[in-house]
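Novice: Taken in sequence, the protein lines are chains R and Y.
Under the numbering used here, the first residue of the first sequence is numbered 1, with each subsequent residue one higher.
Under the numbering used here, the first residue of the second sequence is numbered 1, with each subsequent residue one higher.
Keep in mind the hints are simulated off the structure, nothing from the lab.
Treat the hints with care, since some could be wrong.
[Said to hold, decoys possible] Dumping the calculated DSS-like pairs for lysine-lysine here, alpha-carbon to alpha-carbon at most 30 Å:
1. K197(R) <-> K130(Y)
2. K79(R) <-> K198(Y)
3. K198(Y) <-> K53(R)
[What the hints assert, rightly or not] Every beta carbon over 12 Å from chain R, so not counted as near; a handful from chain Y, in silico:
4. S30
5. D39
6. T94
7. A128
8. T137
9. V150
10. R176
Don't be surprised by glycine CBs; every beta carbon is placed ideally from N, CA and C.
The primary structure of each chain is shown beneath.
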Amino acid sequence: MALALHQRPDVRAGWLVVALISTGCVTVYQPLVGLQRPIAIDPSWSNTFEGTKLHLRCHQADGVEADVLCRNLRTAFSKQGAAVTTEVVRQPGRSAMAPNVDPPQYVMDVTSRRVAQSASVVSTLLCIVSFTIIPQVEEYSFAQDVTVRDSQGFILAQQSFQERFVESFGVGVWALNGLIDLIVRPKEEQVTGDRYKEEFSKDLHGHLGQVLYNASVRARVMRSFEPDAPVRPPEKPKGAAP
Amino acid sequence: MTGRGALVVLLALSGCVLDPRFLGDPVIFSNRAERRSIDCTRLSQLEAFERYPGQVPAPQARTVASEDPGVLTCASRYFAIDERPARDEAILSTLSEQVGALADQAGALYGREAVWHVDAFYPSLPVAQKIAIAARTTLAERGLTVSNRVPTLAAGDVAVLATLPPAEVYPAACRRSFETRVLEGRDVFFGVMIVDAKETILHGGVCSEGTWRWLP
């Protein structure tokens, strides 16, 4: 007995492949704690941290690639004039920074971690059954804890941030938002593509810059506005090779 | 129409797709300004249950603290994020935390018999007044004696002080206040200020018996 066209397995598989190929993700970033506040520095200035020696320690935590974070932050601070060294701390409380080797003025500890993740099994099933017309929705929340210390270990600034990413997977939501992006939304409002990464990075880098700037001012106040003592490299042992 | 197709249409028509779990979080259809117009705080599930008993389920008795995902509680902002200048907004949105921390440090330095005078130094007068009131209120809440009087130096002194950098102006004003008996005896002056145009944190200092000290 011949099957109707829509009942033939190869046609069904074909539709599934078409649906999967044409489907996509829409990810929306929403700042939750701290990141939506404005900042007073301009992160695009190249001399905000001119002459500042910063050691950046990124702590490994669940759901976040600390080395990528450190690399991105190093670039962001370097663009603003800071001399940055980085370190990825794999185990809590075990820093590999060698003592007294060209000590930095400031040490910034950044711990970024996933604080919540939610996905509905029902949503996933419906997404599959509907050939992704009904989207599968997942939500991730992340937190960043930032501490800036001076070279003596005195805490100069501390702040925490939180944000969430809502990721919808499906041809329906992707096509609809793609169409809205194309016709209605201005570029900075678009939700398809990697726009959410740019927006989040801009927020995070700007705020970390502000935290470092605040820390440097606090350090100045704590020194009663005396000029920063020059950081001296350790003396070489006698007879050491140059 | 196949049974599966009918199921999809039925679900769509029955309103299931309007459930955020199925269609997606409504945040997808909000614009950037709307997404940034809320302030959120993450609470433990127990704390959230106590505050919002009808909306948050009670945590299970065997929940391990490290497994508690917490509950995010959010509230809309009274002011849009770009309604005030950036630095004012950044300082005012953390005012109670910042002033609270400074007032705690200041209050711990002197005994209960001290009489506190408070003023704030900020480029915008309305914001300076808000900071001063917050500092005064916080000290009073800690049970300290707070005066409404703001110590004011003579015009000649102010004219000279205005020419000094922050490093010198506060110690000099403190010394002068006791020399001219604007402050005396058990009076303690608590100043809250910014010292740099691009910072978003407040600093504090106290003046007692003619000696100024910055709070860490």
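Novice: Look at each hint and say if it fits the structure.
Specialist: Consistency of the hints with the structure:
The suggested pairing of K197(R) with K130(Y) is violated, with an alpha-carbon distance near 37 Å, which exceeds 30 Å. Restraint check for K79(R) and K198(Y): the C-alpha separation of about 18 Å stays at or below 30 Å, so the hint holds. A C-alpha spacing of about 19 Å is found between K198(Y) and K53(R), which places the hinted pair at or below 30 Å, so the restraint holds. A beta-carbon of chain R is positioned within 12 Å of the beta-carbon of S30(Y); the least distance is around 8 Å.
For D39(Y), the shortest C-beta to C-beta distance to chain R comes to about 7 Å, within the 12 Å cut-off, and the non-interface label is violated. A cut-off of 12 Å between C-beta atoms contradicts the statement that T94(Y) is not in contact with chain R; the least separation is 8 Å. The Cβ of A128(Y) sits about 16 Å from the closest Cβ of chain R, beyond the 12 Å cut-off, so the non-interface label holds. No Cβ of chain R comes within 12 Å of the Cβ of T137(Y); the nearest lies about 23 Å off, and the non-interface call holds.
The Cβ of V150(Y) sits about 23 Å from the closest Cβ of chain R, beyond the 12 Å cut-off, so the non-interface label holds. Taking the minimum C-beta to C-beta distance to chain R, about 18 Å, the non-interface status of R176(Y) holds against the 12 Å cut.
In summary, the structure is inconsistent with hints 1, 4, 5 and 6 from the numbered list given earlier, while agreeing with the others.
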